[in-house]
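Enquirer: Residue strings, one per chain:
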Amino acid sequence: MKQPKIRFQDVSKFFGDQPLFDGFNLDITEQEIVTLIGPSGSGKSTLLRMLMTLETIDGGEIFIDGEPLWHCERRSKTVKADEKHLRQMRAKLGMVFQHFNLFPHMSVLRNIAEAPIRVLGKSREQAYNDAACLLEQVGLADKADAFPADLSGGQKQRVGIARTLAMQPSVLLLDEITSALDPELVDEVLDVIRQLAATQRYTMLLVTHEMYFAREISDRVCFLDQGRIVEEGRPEQLFSQPQSPRTQSFLASFLRS
Amino acid sequence: MTFYEMLPLLLRGLGVTLLIVLLALPISGLVGFLAGITRLYAGWFLRSVVVVYIEFFRGTSVLIQLYWIYFVLPFLGVSLSAVSAGVLAIGLNIGAYVAEVVRGALLTVPQGQSDAAVALNFSAWQRLRYILLPQALANMLPSLGNLSIELLKATSLVSLITVADLTYQAKALADLTLQVGLIFGTVLLIYFFLAQLLAALFRALEKRVGRGLKRGGLQGG
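Taken in sequence, the protein lines are chains E and Z. Quick note on our numbering: the first sequence kicks off at 1 and runs consecutively. Quick note on our numbering: the second sequence kicks off at 1001 and runs consecutively.
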């Protein structure tokens, strides 16, 4: 069997002495699009943040392309990952955030070009050209010189996506990217993701509350509750015939609202 | 003695005061930024060293610190000229306050900024240099302006370790001529004018740094 792109293996995570995850396992295949759904506090975002190294793990291991994320070999010994190893691993990942987290002191174009210049060592000219192309791809070619504060939420998030793509990750982590948006702005952001899913070959891990979108885009949907995957399956199966009573009541509460 | 006869002495004193300000200001800035950043991000050992430095220099009198550096350190084998001792004591003292201002301002930058910088794979130094400090700077400038004025006023203490600064010359002239009102009035105005100069300088800096951020808006992320 092909090695999974991402593997959570026996991962545990505590907040204080309260376990959020205790022996959590999940495999994601290369180019698979997996959506995590579940009530708030179920740990969906924490999973993404542990993978992006924004949260540490307290036990187990996460593998990317078969390589451990939180440990590395130094002088033929396995030790806790150092900054050098973490940066190598982060190069494969990109994350888009619920609250955009654009850099307010930089123009839109610089927001996108800054990391390619500083981290990838691209020339300024190359980075700005590439950034302009990405802006066009997300439909904001005319906003290159604007500052984040001048943009609507939907535009900010599209810049956020372009900024992440500029680093050429192979895995995209999308953490509730439409949750902070006014309803009428949700679709312009989701359209960008739809287009990416149709034309590019990213492995994607999404957390979302947009059930119709999860159903439409995912290869697999996992319902998470209290740090466990209660149920998973193809979207049409999980949304139409949920097996577990907890999944049923969670989905029912969404239909009502 | 007429006022015009006193003026050269006062001006010479002013020169010494300016020299101490111009040397102590960069020291306090450098030490303060390093200490503030270290206190936030370094490992426990360096952090403890910095905490001891900050609390010691904030928690004791500048004058006693000055006496220590000038009168006591020679017994430990470190002899400094009076001006060097003054520059060092005042620079380190104000530096301790600068450290707290820098630390506080860095803490006001939202966590999401640092998260995004990690996700874009910036190194720890790049995150600080290009993402966090530029945003924090706008927040810390008003306080740094205040501290620069504190530093200016603290320089008058060096007159007590034989440095012939503005205050020292004023005191000497007053003892000599007994024209206390005229002399101390003049000196008061000079300090006031210098403080206004520093305030104007920092206001200009604030405007400059603020321009980019105001356009971006601090909550613009």
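Derived by calculation from the structure, the hints in this document are not laboratory data. Careful: at least some of the hints might be erroneous.
Not the full set, but computed from the structure, chain Z residues with beta-carbon under 8 Å of chain E [stated by the list, open to error]: (1) T1108; (2) G1112; (3) A1119; (4) L1120; (5) F1122; (6) W1125; (7) P1134; (8) G1210.
Nothing here was measured: the structure is a model prediction, and the numbers come from that model. We put the CB at the ideal spot given by N, CA and C, even for glycine.
Enquirer: None of the hints should be skipped; say for each whether it holds.
Expert: Quick rundown of the hints versus the structure:
1. T1108: 13 Å, violated
2. G1112: 4 Å, holds
3. A1119: Because about 4 Å separates A1119 (chain Z) from the closest Cβ in chain E, which is inside the 8 Å limit, the hint holds.
4. L1120: 4 Å, holds
5. F1122: 6 Å, holds
6. W1125: Given a least distance of 10 Å, the restraint on W1125 (chain Z) is violated.
7. P1134: 5 Å, holds
8. G1210: Since chain E brings no Cβ nearer than about 10 Å to G1210 (chain Z), farther than 8 Å, the hint is violated.
In summary, the numbered hints that this structure violates are 1, 6, 8.
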